[in-house]
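Residue-level listing of the chains:
There are 2 protein chains.
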Amino acid sequence: MTRHLVVFQPSGKRGRIRRGSSILEAARGLGVDLETICGGRQTCGKCRVRVEEGSRSALGISSGRRHLSPPTEREWELLGEMAIAQGYRLACAATIQGDLHLFVPEGSRAVRQVVPKTTIQRAIPLKPALRRCYVELPPPSLEDPRGDWERLSQELGRNFGLAGLDIDYQVLGRLAQELRSGDWKVTVTVWHDREVVKVEPGLVDKSYGLALDIGTTTLAGYLCDLSSGQVMAAGAALNPQVSYGEDVVSRIAYAMETPQGLDRLHDVVVEALNDMVRNLVGEVGLAAEDISEVTVVGNTAMHHLFLRLDPRHLGRIPFAPTLHRPLDIKARDLGLRVHPAANVHVLPIEAGFVGADNVAVLIAEEPYNQEEMALIVDIGTNGELVLGNRQRLLSASCATGPAFEGAHIRFGMRAAPGAIEKVSIDPHSLEVGFKVVGEERWSGERPEVKARGICGSGIIDAVAEMLKAGIIKPNGTFNRDISSPRLLLGGTEPEFVIARAQESALGREITVSQGDVRAVQLAKGALYSGARVLMAKLGIQRVDKVVLAGSFGLSIDREKALTLGLFPYCEPERVHCVGNAAGEGARLALINVDKRREAAEVARWVEYVELTLEPSFPEEFAAAMAFPAP
Amino acid sequence: MTRHLVVFQPSGKRGRIRRGSSILEAARGLGVDLETICGGRQTCGKCRVRVEEGSRSALGISSGRRHLSPPTEREWELLGEMAIAQGYRLACAATIQGDLHLFVPEGSRAVRQVVPKTTIQRAIPLKPALRRCYVELPPPSLEDPRGDWERLSQELGRNFGLAGLDIDYQVLGRLAQELRSGDWKVTVTVWHDREVVKVEPGLVDKSYGLALDIGTTTLAGYLCDLSSGQVMAAGAALNPQVSYGEDVVSRIAYAMETPQGLDRLHDVVVEALNDMVRNLVGEVGLAAEDISEVTVVGNTAMHHLFLRLDPRHLGRIPFAPTLHRPLDIKARDLGLRVHPAANVHVLPIEAGFVGADNVAVLIAEEPYNQEEMALIVDIGTNGELVLGNRQRLLSASCATGPAFEGAHIRFGMRAAPGAIEKVSIDPHSLEVGFKVVGEERWSGERPEVKARGICGSGIIDAVAEMLKAGIIKPNGTFNRDISSPRLLLGGTEPEFVIARAQESALGREITVSQGDVRAVQLAKGALYSGARVLMAKLGIQRVDKVVLAGSFGLSIDREKALTLGLFPYCEPERVHCVGNAAGEGARLALINVDKRREAAEVARWVEYVELTLEPSFPEEFAAAMAFPAP
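Going down the list, the protein sequences come from chains A and B. Sequential numbering of the first sequence, starting at 1, is according to the numbering used here. Sequential numbering of the second sequence, starting at 1, is according to the numbering used here.
Simulated from the structure, these hints should not be mistaken for lab results. No false leads were slipped in.
Not everything, but these chain A residues come out facing chain B in the computed CB check (under 8 Å):
#, residue
1, P145
2, R146
3, D148
4, W149
5, G173
Sample of chain A residues lacking proximity to chain B, with all beta carbon distances greater than 10 Å (derived):
#, residue
6, R16
7, R74
8, R122
9, N475
10, K545
Every residue, glycine too, gets a C-beta built ideally from N, C-alpha and C.
The task is simple: from the sequences and hints, build the whole structure.
Laid out in structure tokens, this is it:
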């Protein structure tokens, strides 16, 4: 039997293939990943490859389009004259008649590199849990009266090697109708090669997923195109559980002490997520039902409340959660209004307050694949720390309090329009410049928008500038010796004026008080001392890099964070602000199932350190309250 | 290493066992099924065995209690002095010190013979899908802060060999609470060694299941004790879908043509089942939540409507159902109010109108294990036939119409109080005696209860007696030559008076009309000709036995059924009335998972014959309309 040499580029895979085989068969035999939705029926047009002509072939083998069977009618239709002239063919249609040198374009590869849309979208191979399969079925007849499901599952077994498939009960209910409205030609979405979660009439080559990050204060959602891995629309919203308690401890108390409190907390967050979903799909002209899978991350308390799991034991020593391991739950069981058969993959949690959000940060940053000693600081309503590298990883949770989010600060507010977000103080005149959220650019001393308060990054800026200007001392107390009309000493505690009454929408001065400085000291002391305890455990004096995660990390000034000593010193250019890495981890888990396995592994491998139980912690914490000498 | 001969009775299993092993270990090694809920922790007290003393031993080996370690304190507690004096021991506690002859009492066998409560409960080994496991867990501590689920699943893995377990999402939500309220000692119910469906505090050694038969007209439910397999309470109710159509064809039409029609039909039947469940559990002092698994049978249309599957294609050639294979669905997904995590196992269907009810009849009757050629006739609103033996089985569905249920009969009614259910006619005087439902015994000519109508078995009786008395001829027409005041010839059609006006609660005569006789002829013709077609296909002239299933079968008189020719002739003593065999099949599938496999196999193996497409059917049907000559 005649065989021909076939080489696939760019992988370089090659082998001698039997004459008359299709290119698709050759690719399968040689382990070349080729996209095919229709399973090789010349319907989806996905498996296009280009023939390299002999003269152009760098391999020196005689190749060319005459070494393939002539284009079929379906190829002319699906590829068009132009593409065929350029040497493109459908791998399922063209059969091998001689040696060939073939190129597989990016778009035809089943596993593709994703081009990041912004700096925070990592490029990883696309490997979602959902697989689309196009099938054409023989309609039932008296000679072949098989049931609809038997007909479909046997075809999926034969054409796609999917054996022992299940079908979601809700999808089963509409199966008869979908098969017939598609005239027995349907696209089936299969989850983990295990369960049919969607049946759509005709050939459908798009599917969509949703990555959710449930923060204590902020909900973030990323609607993703599962054929590119790209974020199509992103959204954020306030977590409405805030009304029942600002921090996790008070929410746990609410859930415990109020009849139906847990149900209430669950319901409001799911409702807010449903609103967000409606907005996201609306933005890009989709329907909520188009979302076929969801991934979710969040800290342990948010994780339990979202899953309607009793959270009371999370707040008590020894902080045992109901479960650590990842879960897959039907969206309908959670009340999440996407496709009702969609599975919701909830990432695993580590321990105590170190939750699935931190796991998500880890799979986004992958410190376990690096030699560098990294300190990852995820600042949200809680501060979460990870320290380590490929040898060992420690994690800890710090009670930073909500100061970094602008709460428990006299004029504190969220980073909404009117919030002072950047502050500069002239060290000589002690005059103040600031920028308000909503201004296009830093406008110097005359803001275009009147200030309403100070948000988290503004308070960091203000305190750092006050320290550099000598208004406060390294121990945090005000320097009563300086002379400035902005220093107010007449009240119950000293204050420094950031916005004058005429610059303020409140009609009065906006100040930073001694109490505000103490709140910043407590928050930064918790972070700094937590990092020091972890460093001591690993026996290191310095970290190679600091990764600031959380949207807060995106807005703060790295120099000022170092000025205040939010974390142990590191060269400023080695401090990276990566934005919502937890949300990014959720997106990565959505588009690549290997990341889910990685998450489950790292959740077990990372060592959780309960800071409050470390003997050195109280002393470190006391020392960390002081600011570094300017 | 010293080994001793150990023999277990009544199985006779024996082997040489290492000295110091427990009896439980010996039993496991030798494949002796011994009940244990606690997994050998001397807690449940289930694994009791009796030592046979040497002198009594029929095996002639030296046996005796001195060949075992002395009873432990837990054994004294759990067994009591009396039982220990009689030679009883806990297999998990007693270790082997010499040769032993042991007897395993019925109550200690994991697989037990069920003693049937009534003639229609078959005795089969008990092998439910649910397994109870009692575990004692170490409470969480700072040194062991594992999540609740990790703690539980690891213990189940270690003690019961259950690896890779899942937990139902609803059960997970209550896990933290159940573990703590049981002080970390809980009984876990595991479904198919795969999924945790219940966690209860303390040691619980009972579990309950429900077998449901969803008939076109009648719903039947059997509440079973899964530790004995026995029916604890049985109930029946009218299928409320009757209001939307008496037969399956009109219900399919309703589901197709009415907006939300399918949902309505689904909802009403589930609601009626929920009512029935409430009554059943109430009768025996249980709660609906105590039901941990459910099995369901029903004809193809009832199957689809119960599952909320679009039934429209069932009514059209080629009658393709949405699926054939068995299904397991969460009770909560169906709206069935038992334990919300309970799985509902729906038995497979065959083809067309031959459904899961017929499969259930098959696993109850097991014709595929017999050499005898059996004709099984299941008479409900439809008539279903199975003919065959271990070599081959054919099935068919006959459009009998509802005449056998008393519908479409002038004075027809269901078998409710006041229905005439038995009739005798003196062939000389043509005087009539009858018995009414609600009367204790046949009261001769003076019924104690006044008649309101005639039910299915009454109409069979009446027509058979009219035939024997010559009131009607074998072709079904009335003999106008006889002279009796009961023969009324004045109306639009001849009638024969069964109950005189003074015997009737209606205040007028209750009669059997020419139209009624025709309805019986049509129904019996459909059954008889169907059986004949199947017999011709198998090339047989006679059947060895006839099995009448369905509650109708229980109430009719076999001799009269033969008189009318409801089915081809068979010696009267070889006609067996087995009652609701479909319900019994559902019970068998509930208490033994092997029966579920058997059902799936037989559903594929049995050959469905579409009678209306058989060339010989019209002729057979026409011939079968006539009654046998008396």
